[in-house]
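Note that the protein sequences, when read in sequence, are chains A and B.
For the first sequence, our numbering begins at 1 and goes up steadily by one.
For the second sequence, our numbering begins at 1 and goes up steadily by one.
One or more of the hints may lead you astray.
[Claimed, not checked] With the C-beta cut set under 7 Å, the calculated list includes, among others, these residues of chain B facing chain A:
hint, residue
1, P123
2, L163
3, L164
Calculated directly from the structure, the hints in this document are not laboratory data.
In this text, a Cβ means the ideal position worked out from N, Cα and C, and glycines have one as well.
What follows is the residue order along each chain.
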Amino acid sequence: MHLRHLSLTNVRLYARLELPLRAGVIVIQGDNAQGKTSLLEAIHVLATGRGLNSAAGRALIRWDAESESPYPYALLRALVWRRDGEHLLELLLQKGERERLRKEVRIDHVARRNSDLPGQLMTVLFLPNDVALVSGAPSLRREFLDEALAQVEPEYAHALETYAYALTQRNALLRQAAEDRRPIDPDELELWDERLVSAGTMLTLSRHRAILELARAAERAHFELSDGREYLYLAYQPNVHVTHPDTNPQAPLDLLMTPPLPTRQALAEAFYAALRARRREELLRGMTLVGPHRDDLRFLVNGMDLGEYGSRGQQRTAVLALKLAQMEWMQLRSNEPPILLLDEVLAELDPHRRRCLLERIRTAEQVFITTTDLGRLEQPLITDAQRFVVRGGVLQPS
Amino acid sequence: MSQPSALPPSVARLIEALVALPGIGPKTASRLAYYLLRAPDEVALRLADALRELKAQTRLCSVCFNITEADPCPLCTDPSRDHSVICVVEEPLDVAALERAKVYRGTYHVLHGVLSPINGVGPDDLKINELIARLRRAEAQGQPVREVILATNPTVEGEMTALLIQRKLAAFNVRITRLARGLPVGGDLEYADEITLSRALEGRQQV
């Protein structure tokens, strides 16, 4: 797939942008803080719907728009070419009374739910600080999985929304009980349990399957990137897991292995059992302690946890391998090549890894590359590229 | 909303009171206030009387908890209605909507809200216990309720509320039904979302 047109109104630095695009390489050159990353971010938001439920959505609205209108808005529109034809995606974010954010999604001029947006456009985003995926908090890894999965499984985006909602409601209920504000109605708590389990089971299984598939591709990519020296293993650590009947159910999960893929029913039963086991603690602490919102993913190289013991270089290689795997996996799942968004990542790679990445880029249908300096890019890469210069939120062909 | 100090306090007070209403912003409030100021006395006084009576004359029906001037309300005392069927709705406005359709001849039960822990609304804040008591009373009087129709909105909160009531009524020998969900009349199949379509398929009927 590729973008044929991108239009931004009041998005970050862009007051107004109309950008006709073609398949192939698109190079955006500019100094720092001129709008390079904002452009890639806008495309990524349209693909993933990321951050629409948080302050991130508000932050997308151009700062100056605040002074021009009491209800400032940002409008993102993209014309996408896919196997099934041309589609228009529109996302409107508008601030309302009391800092409320109104979100409107339209696909081909028809209003749709927010969770219908992810996957209409598919992107893989490469950022300079991606290394935090390996070394940072587990929430970053969950976010990565959620963004990748929401783009290839439409039901995943819906389940994610259902789960987040059930979690918020259930936490509110538990908090009220913990603070003795009202006695808990067991029937009511059970209803939220059911919702949590049905959506949570779906999330856990989808993540599990995705990691098994990603792990193979990531291992191959990492092997190549490390010149055949290292084997990368992605270990999924679901918070809810089915313990093998022979082992001690109290035994902690093996941190170095993805557990075997459970059946939906076995997983749902394990989820209920875990909720029962921790009910007292949940009521005391006033929060949900069980579920995929506590999942993690680990990066192991030759059996060593990279998050804790890996060198910066190893972490960087592992993240690059993961992103390359994501690219391959998305194409495999959806039969459609994702759009690559490379934010100044080429500059920081050594020649070997850079070559590996460039080789993969060549097979992509559309690639956005940002750089501060055109001289840092290989000549063949920029010869046929659509080239733009960005300054202060204004983009011009160069 | 801060008003310019040039306004007389009585006008400012009216604007403030109007702004507190749903759907009315500061501009509309000012326009309404100035309209009332310039309009003949009886226009403003009629509004004031209507507002006063609204609070003085209305109460909740002790049977169905709809808003009424007489207790029990006309719907609950109407002998031509089927008292063995109760339609459970979220708000009094839902009763008005169903009555406009002129197809339902049973009685109502107004919950006055939906389950939502985030907003601090629990089962005890809704008229669920009152519904149970009503069913029990009917049973004791030898005129048991045959059917309870759950007509809460097809939102997450509405669904959860319907599910909870379903659980709470499990002990009663009563048929529990839920309003059908599907395609709106005059709607377009092409523009329906997947959930609505799958519900419409599930609930398809023989013709």
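Okay, the hints, checked on the actual structure:
1. P123: holds, 5 Å
2. L163: holds, 5 Å
3. L164: Where the cut-off is 7 Å and the nearest Cβ of chain A is about 6 Å from L164(B), the hint holds.
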